[in-house]
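> Spelled out from the first residue to the last, the chains are:
Protein chains: 2
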Amino acid sequence: MYNFEYTNPVKIIFGKESISRLKNEIPQGSRVLMLYGGGSIKGNGVYQQVKASLKDFDHLEFAGIEPNPRYETCMKAIEMVRRENIDFLLAVGGGSVIDATKFVAAGALYSGDDPWDFFSQRYIIEPEDALPIGAVLTLPATGSEMNGNTVVTRESTREKLSFGSPKVLPGFSILDPVTVFSLPDKQVANGVVDAFIHVMEQYLTFPVNAPLQDRFAESILQTLIEEGPKVLGNRQDYDAAANFMWSATLALNGLIATGVPQDWSTHLIGHELTAFHGIDHARTLAVVLPGVMNLKRKSKQDKILQFGERIWGIKEGTIDERIDQTISRTVSFFESLGVPCRLSEYGVPEETIRKISERFKKRGSKLGEKEDIDYSQVEKILFDRM
Amino acid sequence: MYNFEYTNPVKIIFGKESISRLKNEIPQGSRVLMLYGGGSIKGNGVYQQVKASLKDFDHLEFAGIEPNPRYETCMKAIEMVRRENIDFLLAVGGGSVIDATKFVAAGALYSGDDPWDFFSQRYIIEPEDALPIGAVLTLPATGSEMNGNTVVTRESTREKLSFGSPKVLPGFSILDPVTVFSLPDKQVANGVVDAFIHVMEQYLTFPVNAPLQDRFAESILQTLIEEGPKVLGNRQDYDAAANFMWSATLALNGLIATGVPQDWSTHLIGHELTAFHGIDHARTLAVVLPGVMNLKRKSKQDKILQFGERIWGIKEGTIDERIDQTISRTVSFFESLGVPCRLSEYGVPEETIRKISERFKKRGSKLGEKEDIDYSQVEKILFDRM
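Protein chains in written order, with my numbering: chain A, -10 to 375; chain B, -10 to 375.
Worth flagging that the hints you see were computed from the coordinates, not collected in a lab. Hints may be right or wrong, so weigh each one.
Identical chains share a label here; the pair holds if one copy fits it or two copies do between them.
Said to hold, decoys possible - Here are the computed lysine-lysine pairs in the DSS-like style, where the Cα-Cα straight-line distance is at most 30 Å:
{"#": "1", "residue 1": "Lys40", "residue 2": "Lys175"}
{"#": "2", "residue 1": "Lys44", "residue 2": "Lys65"}
{"#": "3", "residue 1": "Lys156", "residue 2": "Lys5"}
{"#": "4", "residue 1": "Lys44", "residue 2": "Lys5"}
All chains, please: the whole structure from these sequences, using the hints.
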């Protein structure tokens, strides 16, 4: 096991009718900005519950945060926060709204010219301070409710970049599984795949003798495999929704990453597909992961075999046959949720692959837990997924 | 799944050579009291490492905290803290030292006459404030390094009682698995059993459709079963020590308790055996748990069968046969570590059972996840374990 540091102070308030507890979590006298997306929260009653709980707070609203939230939109929110002397941000929505809120929280207090610096100069320029954040999660998927990561897309340059900072951790996140009841199939499927692949990025590397972290990762995968289809099949199944929701949060709150190598190549390649074609984040992951598994079958061999055996029960055949079966079972799972796993199914032309490879070449990126996935391997991975 | 609230802000610093990082975690200018036990830290080099890291801090020492730390000893430390204007407490040791430090941290700032109130009037009188705490863990077992619980024994009345408060959570805990290398067999065995039974108290109740929590609990049990004997067999096996250490912490940091019923009857009964006979905490648990499983085999049936199948691979036989096998495999595991599981092996007379039962009668306690274990059932459980 590697040395590690772990701390996660986010307060989780989980369960039925938990949204009303919001009012006890925001410091009295705060001037609150409530940020949300396209208005689905008005259809499912979440907006009304949040407004009821905010009634004693001086508060404003900022609506219209997109899936894959845009820098341009966030900058408008930052302007509003500064203009209106906001001192508490409340994100009501899924990962996109929470991610945008994190950027707004740090961006509003940034003394430099352009808070895009946090993304474009990640690891060099980091937030020194941020406004406090609370979240009401309405879509289990990204884990943003319990981590300090944010991903934002800059429309003008077609860049989708991320940064992470403990300064933008939500102080609290409210998780009411009832919010899952009104989600469309596509969002549930995306959420299951997103959480699944978050686990894979922290698990499918090479063994470092960390059996507990492995088992925790496998526990989340198994639960998503069991509960995901239940949620898709019956949106009113509270327990399935709750199990899905808690699994998605624990998939990316730092816990299963303790003391083990990580490989975020699937995400980094996937982001480019979203940047160029607007494909849903989770779907880009479902496309890319099988390619990474296929290309890195030697260096990831031990963990792919462990994953195949413990998750899919694959024990027979040569090593290559077992790896092939494992990839194919994983793809079948994503497809069973209605998520296509080939670039051609999303109408992505070969030209895009070359553009993406060119970007990684320019950046000089070396992806993967062994930093051995360069632009030419990215190209191979994507051609493998046409 | 039940509704729940979960937050755990303790910063874990885990790994080889992590003790030297102490100096970065204590606020500059603090006046530190370092609390420790019987001096084993002087033999294994931990004392020297801590002292080296504290060299730029104004600090004092308080030695002599016992296993099952005593109220009387803690009160001396509280006196010292007040007299010397200490403003930071550093616990260096196992669960006993950390538990004592928590009591000292809250007790020193208590405005009432006797801080024993936190124990004797638990849930009525709670700490309003506490001094900040840091910990250097030297013995994986209790999980005290990442929770807000403390158990203290009052010698004069032979009471062993507990309280919990977020105010006494350590700000940071340093976990260096190398500290395990110098532990005697008995302490390793006790630590494995203690952590194992912490998991059981949060797992072996009744199903509430919380598959992820179940799997996390089972993951810790499996890892303890695998790694515990490795640590016993080779004290220099760093990975085994690390896996044991991280398992023991996660066994009682609140995570696996989220959204599920709990049953702390084994602990509450076990505490009495320590109070009357000074038996090591973990050993009292190994004695009592099989009795609780046997007596509550009906109400715990589903989870005992799940535990038996998933952990011990027991699938054959009638329900009662499988439960018997499951209890017997669990006992064999404890015994394989050198931990006897019968009261008679500790020389406890029948008279003690009656005294303990009398105590529970007087307190009117109803133990267990269904609050259906009264004094007469406590008596049955203990007679079953003679």
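> Of the hints stated earlier, which fail here?
Hint check: nothing fails, all pass.
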